[in-house]
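For the record, the sequence lines run as chains A and B. Numbering follows the working numbering, in which position 139 of the first sequence is assigned residue number 139; successive positions increment by one, without gaps. Numbering follows the working numbering, in which position 87 of the second sequence is assigned residue number 87; successive positions increment by one, without gaps.
Be a bit skeptical, because a hint or two may be false.
[What the hints assert, rightly or not] Far from chain A, some chain B residues (derived; all Cβ distances over 12 Å):
id : residue
1  : Ile3
2  : Asp23
3  : Ala39
4  : Ala275
5  : Ser289
6  : Val334
7  : Val437
8  : Tyr440
9  : Leu451
10 : Leu473
11 : Ile478
12 : Arg505
13 : Phe512
14 : Phe516
15 : Asp520
16 : Arg524
[Unchecked claim] What the simulated footprint calls covered on chain A by chain B, stretch by stretch (three residues with Cβ under 8 Å from a Cβ of chain B suffice, anywhere in the stretch; the number is not a length):
id : stretch
17 : 162 to 174
18 : 188 to 199
Simulated from the structure, these hints should not be mistaken for laboratory data. Don't be surprised by glycine CBs; every beta carbon is placed ideally from N, CA and C.
So you can see what is in the structure, the chains are spelled out below.
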Amino acid sequence: MFYVALVFMGLVPYYFAVKDFKRYGSTLLALPFIGLGVYHFDDVIQNELVYRILEGAAFFTSILTFFMSYKTKNLIKLSYYFVFVNVVALFIFKDKWMFELYFGSLIFSAFSLYLVATYMDKVFGSANIDSITGLVLKAPKLALFLRFSLMNLGLYPPFANALIMTASIVKSHLSLDGYLIMGWVFFANFFMAFRIMSKSLFGKPNELLTYKDIGQAYLWVFTVLFLALTLVGFYSLMEVLI
Amino acid sequence: MEIVVSIPFIPLVIAALISFVDDKRSIPRISMFFSGLIAIISLVGTAYEFMFHKVIVGFYGTIVFDHLSSILVPYVALIGLVIRKYASNYMWDEKGYKRFFIILNFIFSSIYLMIMANNLVVMFIAWQILSLSLYFLISFRVESKDAVRFGSWAITVHRIGDFLFLLGTVLTYKVYHTLNLQELYRIWQTNIEHSTMVNAIALLFVASAMAKSAIIPFYFWLPYTSEAPTPVSALMHAGIVNAGGILLNKIAYLYLSSSIALNTAFFFGILTAIAASVVMLSKPDIKRSLGYSTVGQMGYMIMEAGIGAFSVAIYHLIVHGIFKASLFLESGNVIHLARKDPNIPKNLSYKLFSEETEENRKTIGEIVAIFTIIPIVLFTLIEFFINRVQFQFQAGIIFLAFGWLTSAQLFLSFFKVSKNTSLKTILGLIVSFVFIVLTYEFMGTTFEEYLYGPKYVEFYKAASLSMPYLLVLLGILIGVIVFGWAIIYYQSYKDASGTRFEKLRWAFYKIFSRGFFLPDLLIRYFKLL
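Given these sequences and hints, build the entire structure.
What follows is the structure, encoded as structure tokens:
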């Protein structure tokens with residue numbers, strides 16, 4: 001069952017099989033969540049060799065996804081790629097519950113990014129990060145929403161992903177491969193998030209587009225959800241601090 | 001007194017309040033009121049520390065107000081007050097006035113948290129929030145391509161620093177089984193062990209500090225951040241780049257066990273101080289020039305920590321911060337004035353720097369006397385009378401070498417500017433020089449005893465280099481300086497145009513003026529993304 005969980009979480013990059021991201025978007029993001037559920041009811045594999053092979057496969061998927069993310073400018077695709085890049089993170093979490101928290105928060109942020117992307121696609125006619133620029137000036141609420149998602153995905157505190165990750169690894173006595181994975185996850189997430197941020201959030205607004213911001217109510221709902229996640233992150237961190 | 005430990009959270013309250021305010025005029029009022037409150041609380045805390053020498057602990061022991069905080073928190077609070085006041089007028093016409101104040105308060109919160117953290121993880125969190133907020137402020141003028149690009153440079157370098165910090169924290173727990181700084185201080189003072197792991201931890205923190213303080217090889221992000229609004233530049237040069245020095249001071253006792261890390265800090269510090277000063281002189285752009293000047297000053301600061309003078313580094317960062325913030329804020333004022341009046345206001349600096357009235361050539365003997373003998377004699381005397389302890393260690397020699405270099409440069413630059421060298425001017429220069437060195441030494445020594453007690457001598461001992469290495473280093477340093485002066489002399493008095501020497505000089509000029517070509521490489525790399 002552990003393998004099934006890992007496959008769902010992105011061990012095998014199944015996004016290759018899907019061409020129409022717009023249509024199957026929600027399903028694609030739901031699959032890793034199912035994987036997380038399966039993982040919850042299963043024991044981590046004990047066989048060292050099998051464990052190492054899986055770790056290698058996950059690392060390979062992560063690297064592959066990272067390079068694929070640099071080939072696309074479509075925000076919808078990029079929102080999935082964040083999930084697949086992080087599959088390797090499973091191998092540095094010693095505490096099962098902490099990983100579930102981390103991956104859950106990750107899927108939530110990826111889903112938020114997906115929502116922003118579909119909104120942009122629907123309202124502006126494109127989800128291309130090179131075309132939709134200057135959101136900070138033209139659609140500040142949407143920009144704030146995007147900023148929250150990207151800061152969480154880019155592993156920056158005080159958002160949950162960074163806090164959970166820090167709390168988990170600081171006291172976990174990592175091995176050498178653990179340090180390698182930690183470095184990879186740290187930088188891969190950062191580069192992916194900041195590429196989107198510097199292109200879409202900032203820059204001169206596109207004069208050919210008519211910008212329309214999201215409603216205040218949506219912003220409030222997501223701000224509250226992000227705050228709740230952050231509190232969960234702080235809770236996990238307090239266990240390390242005290 | 002526990003209220004003092006809540007200082008890092010007050011700017012967050014300000015940011016939250018501002019986000020709900022729609023009236024533009026209320027934003028600076030809220031910001032000023034609460035930052036004034038922070039300044040008052042911090043001063044009360046400092047008075048308490050001075051009187052009772054008792055560490056104030058809060059938030060489950062994760063935040064403290066100790067001796068270091070009692071110096072730095074009021075400093076940041078007062079700088080913050082000035083910058084907020086200045087920004088409230090300066091930024092009025094900019095798009096995103098509210099956004100600016102919100103991010104500014106996040107930056108202040110992270111600086112306070114970093115200074116007052118009593119746990120490496122808390123400090124790591126503050127360290128990262130500082131990087132992120134800085135990125136948002138540098139890219140504040142979102143429509144400017146350069147602002148966004150240079151913001152990306154800054155955040156990338158800072159991210160490397162963040163990772164090194166994280167690695168250092170993970171390894172610290174692995175070796176010492178605690179992340180609490182008060183406990184770590186006790187361990188570091190009593191168990192001095194020179195193991196590979198301890199050296200690795202110390203080096204990781206040094207490298208992280210170097211990234212934050214723009215030390216070679218991480219220097220390139222700082223001079224290119226001038227696209228940010230003037231108050232941000234002031235804050236960056238007065239506060240944020242000092243984070244490296246603050247980190248090294250916070251974990252200073254660790255370096256009792258790692259001479260290698262101190263020597264590394266010294267090497268990169270001295271290299272940055274010299275290289276950045278030379279690049280600064282070759283930059284035609286005043287803002288970049290000021291940026292490289294700060295890089296050079298950060299080099300001095302890290303070098304001071306590298307020779308064991310941790311508290312002198314603290315004094316240096318405060319003085320440099322006040323000086324640079326004033327410079328940036330004043331430059332913003334001049335730009336505002338120049339927009340109204342195309343002529344440069346004829347103030348004191350104009351008279352000093354632009355109105356050269358009389359040509360007065362000197363002989364080589366006079367130049368040696370004025371630029372070499374007088375400064376070195378004065379500096380040695382002051383150093384010897386105020387800080388004798390330093391003279392028992394190599395720190396004394398290094399201070400003398402740098403004192404000589406900087407004071408001679410100071411004299412040289414003043415004489416270059418104003419060639420009308422009357423006896424009155426010379427006396428004025430000497431008196432002001434004596435005053436500066438006296439204050440520097442006096443404050444440095446006072447800080448040493450206040451921050452580290454008698455233990456500060458141990459730092460000098462730990463930082464000692466092997467004698468042949470030191471002599472070679474000093475030899476190279478003096479050789480470079482004398483060679484530089486010889487070039488200046490040659491250039492002034494001989495006609496060298498068209499010679500091989502002139503071609504070589506231009507080749508060097510090109511390398512320095514392009515900042516060793518690293519920025520060009522980065523521009524290409526970021527264009528590819």
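Cross-check of the supplied hints:
1. Ile3: holds, 21 Å
2. Asp23: Asp23 of chain B clear of chain A: closest Cβ-Cβ about 17 Å, beyond 12 Å.
3. Ala39: Ala39 of chain B clear of chain A: closest Cβ-Cβ about 25 Å, beyond 12 Å.
4. Ala275: holds, 28 Å
5. Ser289: holds, 27 Å
6. Val334: holds, 29 Å
7. Val437: holds, 42 Å
8. Tyr440: The assertion about Tyr440 of chain B holds, with a minimum of 37 Å to chain A.
9. Leu451: It holds; Leu451 of chain B is separated from chain A by about 25 Å at its closest Cβ, greater than 12 Å.
10. Leu473: Holds: least Cβ distance 34 Å, greater than 12 Å.
11. Ile478: holds, 42 Å
12. Arg505: holds, 39 Å
13. Phe512: holds, 30 Å
14. Phe516: holds, 25 Å
15. Asp520: holds, 20 Å
16. Arg524: Consistent with the label, Arg524 of chain B stays out of reach of chain A, its closest Cβ about 16 Å off (over 12 Å).
17. 162 to 174: That given contact holds, which follows from 9 residues of the stretch 162 to 174 of chain A lying within Cβ reach (below 8 Å) of chain B.
18. 188 to 199: With 4 residues close enough to chain B, the hint holds.
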